[in-house]
Amino acid sequence: MGSNLDDHRELYGDLGPRAAEILRASWQEASRSLSPRGLEDYLRAARSLHDLGRGADPVASFIQEAPAVARELGEDSVAQLAQAALAMASRTSGGVIALVIATSPTAARRLGDPELFLAWLRFLDVLLAQAPRGVRPMLERLDRLLGELTLGGLRRWALWGAQAHRTDFPAQERYFALESPDSVAVLQRERKGTLFVDVQRRLSMYLRALWGRDFWLRPTSGDYEGREGRRPFIEDFVVHLPDALDDLELPGGRATGLETYRAMAAHAAAHLVYTREALSGEGLSPLQAATIAVFEDARVEDLAARDFPGLAPLWRRLHAATPAQEARIGDWFGRIARALADPGYADPHPLVARARSLRDAHAVACESNRASMEAGLALAHDLSRLRLPFHPREDFDGLAYRDDNRYLWRFDEAHDFAGAAPRTDRQVRRRVGLMEFVNEIEVETAGDDAQEIWTLPTELFPYEDEGRSYNEREGKTPAAEPVHYPEWDYQIGLERPTGAPSSTSPPRKGTRRRSTRSWRPTSPSSRGCAG
Amino acid sequence: MTRTDDPLSDYRVREEPWYRPVADEVTLFEAAWSARMPMMLKGPTGCGKTRFVEHMAWKLGMPLVTVACNEDMTASDLVGRFLLDAQGTRWQDGPLALAARHGALCYLDEVVEARQDTTVVIHPLTDTRRALPLEKKGELVHAHADFQLVVSYNPGYQNLMKDLKQSTKQRFGALDFGYPQREVETEIVVHESGVDAAVAGKLVSVAERARNLKGHGLDEGISTRMLIHAGALMARGVDPVAACRVALVRPITDDPDMRDALDAAVTTFF
Ligand SMILES: Nc1ncnc2c1ncn2[C@@H]1O[C@H](COP(=O)(O)OP(=O)(O)OP(=O)(O)O)[C@@H](O)[C@H]1O
Ligand SMILES: [Mg+2]
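The listed protein sequences derive, respectively, from chains A and B. Just so you know, our numbering puts the end of the first sequence at 941, numbered straight through with nothing missing. Just so you know, our numbering puts the end of the second sequence at 471, numbered straight through with nothing missing.
Next comes chain A alone, as it looks inside the complex:
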């Protein structure tokens, strides 16, 4: 739009006749998909790819495909793609680099999320080191692979093949071309019932039908090591759901992945719709906070079911707690949650009866989350008499469709949906799984203001450990969650107050990394792949 290619000549110079022609052909689409800055970066990246001297293919396919990636995920992903492609130059042929770029719109569309796309690029980097002959055949079948697997599943499938056929290149190629029985078998194993990207549109429509407004849904990738996805969570008004779900076998019959997705999405939406102000967690013990959350989950579901009665059975059938469960606080939460959700659930224990009567006692005030606060505080007192240890991270109600309730304590005070757009410009703090963690590049010079800080929930011991973890050697207590000040949100052009109460849980001490040495696990299984 308005932007003239010739005005940018100095940015890209002479790309060779073929690339130059493709650039002219792609320019219009590019200028529609990219901002003026993004366009300049796009041209610079094309230039850099040209200067690699790996032939015209990588440049040509970048020029052609980058706009599609920008349309799917935004232009940051284009920059990441370019960077990744440049970094691959020392490890592989121009043909493979071109293929990585050519398949990137497929990856973008199937992954549906910029963070997952970045993880995809990082994974390719790992794979180039571990199974150099596998990358091409895999990319040639990417559409099918990502049609059946999540990124985590694909990664496990690929690393399995890389392990098994590390030195036998022909076998490696067959594995990655899905031509060997072991390849197909592992694919079957990793396959998940329902992929988020395949149902995202219908979930969004469903929520809009119910509440007449938009909700932002995004996929999150599970821990690469396990097949379990992450729990859903709500942050900055965005509902994050696992990137795939299996069907569930339940006492009351099978629940398809789509049904579970619907239960998840509707539960999260119920929080967003019926919780009007944040709870203050000040002075609460973790057990109190968690008990309050159990009541709050029940409260928003009750309100939602008042408007949409059919939601109650949708949620109810996902409850499986029984009176026999009593070993941990989480077991009790599960029983209480079930008792609150299901009037037909019989549980003779007085604690369960007490939970029900507390809920009823506060029913008049159920429009406000104060009711959950009162009921939760009272019940937490009774629960503490069980004298069971409470572990906030493990002890939850066991209900996979419910989010982790961080939302209850932490969101903008002015609950303004018009102003509720996903934020993109803040520091990302993530707690990650071990594999994701160790495969990451560190930035040695980064400090607490790094773009991303990842925390590992468990202690990490160096390979050459002497019984001392990284934490003991160089750890420091992390700073509290960043405080946010009112900011101008350029995306929506609205001033948004950022009175989000800070987290109630004390900052967790964990293994923190910030670094860029390429740092890979030196366990026997992956030795020899350091790049």
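It should be emphasised that the hints constitute simulated quantities derived from the structure, not laboratory data. All C-beta atoms in this analysis are idealised placements derived from N, C-alpha and C, irrespective of residue type, glycine included. Incorrect hints may have been included.
[What the hints assert, rightly or not] Partial chain A-side listing against chain B, Cβ under 8 Å, derived:
hint: 1; residue: L528
hint: 2; residue: A529
hint: 3; residue: R611
hint: 4; residue: R612
hint: 5; residue: A619
hint: 6; residue: G622
hint: 7; residue: R672
hint: 8; residue: P719
Starting from the known structure of chain A, arrange chain B with the ligands on it as the hints suggest.
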């Protein structure tokens, strides 16, 4: 034309068509009628426009001549034409000429569907001339004192090619017909389909869900008419979820994602 003494006999409304007023449309229409002001009823399909005109015709004691407009319709279809028969050629008034000559309400349903060169024939009838030229016959019909023109128009069709000309629009007074308020719509569904108020209320709730998706994957919301269809199936013993599928969801969209979302919305009530 069965009886020679009353050419409009076929068009008399003998029994009261049940109509549930939604706002002040009945009084406004009566006032417009007494001024013989041409009226335009605007609103989505199936929200009661036709029923309203029928009811008003009955109330005013006027015959009602209805024309469903379509693209293939020519001016002759409205005005009239010469017919060939044993005796030679004979002029036959079209519906518009019939209503103008003898004094009736003439209702042009979905007037945008007609081509613009067809619609202009109503122009002289809808200004102070109140006359209809029958060009082929060489006659100028002066409209009967009781003649009134009513047209309906669905603004939901955002088709520029099909919009009415300003010179047409500005000849009419207009009444907006939306979907009725939930209590009113429930009452209508009860009356027309025979289901009880609880079931009708749920049907209206389902319709509200689909109306939330208008412009977000649906071109048009679920109409009152469709709810009556669903209710009629239920009143005949069809399972509610199946009735909603057949009468509401399947007709309104072919998009599999949309069907899934709407089916799921149905199960939040039935
Ligand atoms: N206010 C109302 N009072 C009584 N019945 C109504 C009312 N609104 C809608 N209906 C019912 O809805 C049905 C459909 O309404 P109607 O045929 O008048 O729609 P319409 O607006 O003329 O649609 P279209 O533009 O498709 O012609 C009617 O047959 C009637 O049963
Ligand atoms: Mg919750």
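| said: Could you work out which of the previously given hints the structure breaks and list their numbers from low to high? | reply: Of the numbered hints given earlier, those the structure breaks are 1, 2, listed in rising order.
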